[in-house]
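K.L.:
Residue strings, one per chain:
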Amino acid sequence: MLVASVLLGSSYAWSVRRARALDADAVDTVRIAATAYIGACPILMAQANGYFASEGVAAAIHVEPSGKAALEGALHGRADLATVADVPIMFAAVNGEPVSVVATIATAEKDHGIVGRRDRGIALPASLKGKRIGVPLGTSAHFFLDAFLNRQTLSPTDVSLVSVPPEELAGALARGDVDAVAVWQPFLSSSLAALGSAGVVFHGEAVYDVVYALAGTRDYVTGHSRAVQKVLRAAIRGARFCNETPDLAREHLAKLAPAGAITFKELWPSYRFEVALRQGLLIALEDETRWAMKNELTAETDLPNYLNNVDLEPLRVVAPAAVTVVH
Amino acid sequence: MRLSTRLALSGAVSVAVVALIGAVLASTTRTVRRELARNEAAGEMLSAVTNVRYLTLEYALHHDERTLVQWRLTHASLSKQLVARPEFATGAEGEILARLRRTNAVVRSLFSQLVANRQARDTDGRRAAVREELEARLTGQIVIRLEGIIADAFTLSERSRTGVLTAQRRQGVAVGAFGGFVLLVLATTMIVALKSVLRPLARLRAGTAIVGAGDLDFRLDEASGDEIGDLAHAFNEMTEKLRGREAKIRRLVDSNIIGIVITDLEGEVLEANDAFLELVGYSRLDLQSGRVDWKRITPAEFEGADVRALQELRERGAYAPFEKEYFRKDGRRIPVMIGGALLEGPPRGGVAFVLDLTERRVAQETLARTQADLAHVARVTTLGALTASIAHEVNQPLSGIITNASTCLRMLAADPPNVDGARETARRTIRDGHRASDVITRLRGLFAREGVATESVDLNEAAREVIALSASELRSSRVIVRAELADDLPPVRGDCVQLQQVILNLFRNASDAMSGVDDRPRQLVISTAREEGDRVRLTVQDAGVGFEPQSADKLFDAFYTTKRGGMGIGLSVSRSIIESHHGRLWAARNDGPGATFAFTLPRAGERAASAHGSSAVRAPAAADVMHVVGSP
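Protein sequences, first through last, are from chains A and B.
Start counting the first sequence at 1; every next residue gets the next number (my numbering).
Start counting the second sequence at 1; every next residue gets the next number (my numbering).
Treat the hints with care, as some may be off.
What the hints assert, rightly or not - Cross-link-like lysine to any residue pairs, in silico, SDA-like; alpha carbons within 20 Å at most:
no., chain 1, residue 1, chain 2, residue 2
1, A, Lys129, B, Glu133
2, A, Lys129, B, Ala129
3, A, Lys110, B, Ala129
4, A, Lys294, B, Thr103
No lab work stands behind these hints: they were computed from the structure.
Given the structure is predicted, the values throughout are model-derived calculations rather than measurements.
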């Protein structure tokens, strides 16, 4: 009897374990919309190095022109996950989209900046007062400019904001249509290059760190926890690759975006690749939300609870120490 | 492989493994200690940055001086910790520490801006709103960066904790490996001990019991080449030797060549072989029923010797063989020689070897009689051989007497009678008569005496008489006799006639040995001398054919002869005579041709010498040489 019980129990335990193993071994197909930019390095390297495959994920990467477009792809079902910066996430969340962040994958300190014309009396950040500044309104560059001016104890009303698409900023600045421009890379570098020695660039200190995240719809993230965990495992390996072998990572990245090769090398040191979920993300999103509301970039007036836009569980399973969101 | 080699190898391996494990444990302990120190440092960082974070929020809330002072103190402490941290100076941790320092500097800068922004007082409402927004943003940035510091410090803590766990796991593995090795060594040792030592030893112990019980055919089947194999081999060899020894003893006992008796230390007979029982005329039934009583079969006069033998047996473990007698069952006495040794017990006892001396005693008596008969035969033979010589000796004076008597008669019958001449011839007749008488007297002496008479004998005189007796024969054999007789030769004690017989025999042998010699003088030298130790020596040297070295020991054997027609008893009888006089007779080869025979005798005692000295000794001339020339 005892022997039979033991055999029966062992058999059940084996079958359960086997079923779990089979479940874990199953290959999950994940569609990821990503920008061919440094901030998406962990995801792009995970694909390039076969980390997704080795983690049991058949990943399909769709390269999108911007993080905003990538997020829209995910929100509209063209992709399962998207690599996207914090500001588009903020706007999606504020506007009630069911966006859910599963991890941040990179942060950049000097991705945004301001290029000013020296001949217009711009030599220091404080000399921006009263100047015409070109900026793509409603974007992260707009937020950065707002924060930068605030750091100088200037109000947005102390300057004249001119809405200029990012790709046109360099020309506008060179022509003198504006005294300065606020924009992100690589347009920042091209704007500075257009002025040559007549230009001056400001990044500020700890004004705004761009956060690149991996996000999807709340339904997808909740319903595909196992697949998301696999993606996160591969992304962790990809982040390590980006940190430890930057030359190889840039080489891979340059194949996707040949035009940005030189910029990548220049910007790489300001990037930190880390798969995490920090409390700081919530603080940044809330700050950006307040900015958006103040500038009437959204009709919403209530600060959303961003805990609803963050899914801690997959990363908590994969890398518990990487989750510092208080929960 | 031998056990000693196995033990040495396992010892070396154990030492190496223990050293390896020790090194791993020491290394792991160092690692654990280092990782713990790192973990502690990371913990201190975490604590400090957490305090800074708390104070930042508190300052943002209250803006009071106390919080500001505490913030600066705490931040200084954090900065100090981030600067002096050799635990995280290298590799990825070095990069993290560098980033921490950079971030910390940014935090300090942001907080300074926060304080400055707070202390700046703008009355303008719009500006105040800007400053309020700036304060919120600065606070947020500070909190975000402090979170980054916390995350990095936590990473350091996590890495050190992982290091501790890894080291502890390695330590556990090392301890486990060591334990496993110890178990393996123990198991191997037990198996080896069981297989190679204990089981063979158990078989050896069982074998010892079997052999001890008397089964000497038992053999240990141990083919290993180790010490146990050696032991088994030695055991088998011992058993083999024991079997051989027991077989010898058994053959000795069963052969019944000699009587063997096993007794207790009081002499009571416990066991005896058939030879002994036959010797004393008892049956085995008698032995088993206790009728073979040691005291009963031992005559009273030998009880003392038996008691002494048993005492010696107890004290020395053996007693020297001695002769005694037993009473046979039929009452007759039987001479035996008995010797024995102690048997190791328990029970302790002795084994005695009993040799029947009956035949030896009969043989001794027969030999004595034979020797006496031989001596008589030899004497008669010698005398017979001398008859011609004696006849010649007697015939000479008789012829002289007849011649002188005839001459005397013719001188008396002459006219006038020659009285003086007759008187002279008569004196010659008398002289020849005396000579004849002397010959007869000596002859009588040879024939008349029987047995060994003890008297003081002057060997010089005895030698001269023999020379005189054999002069005629020696002459006929063309032998030149030279006598070198010592002046102060002391007398010996014995039978003069027997001693003369020996000398005569030596003369005859010398003469016979030189009978074929023609290329050199047939010289016979007889000499006497005093020897040390109060002995007297007589030597007869010839120039004959001598004898072969290998014959030296046989010359004195009875019936051994090198002469054609010889009986081989002369020298044998001569040695018997000399030995009966407590002397020694021997032969030696000369450096040149021929041989030398000599005997020594003890000199007579002082009283005997003085009593007989005057009559027995006649002073010989120095280098007294007698030339006996052969008859024409």
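K.L.:
Looking at the structure, which of the earlier hints fail to hold?
P.N.:
3 and 4
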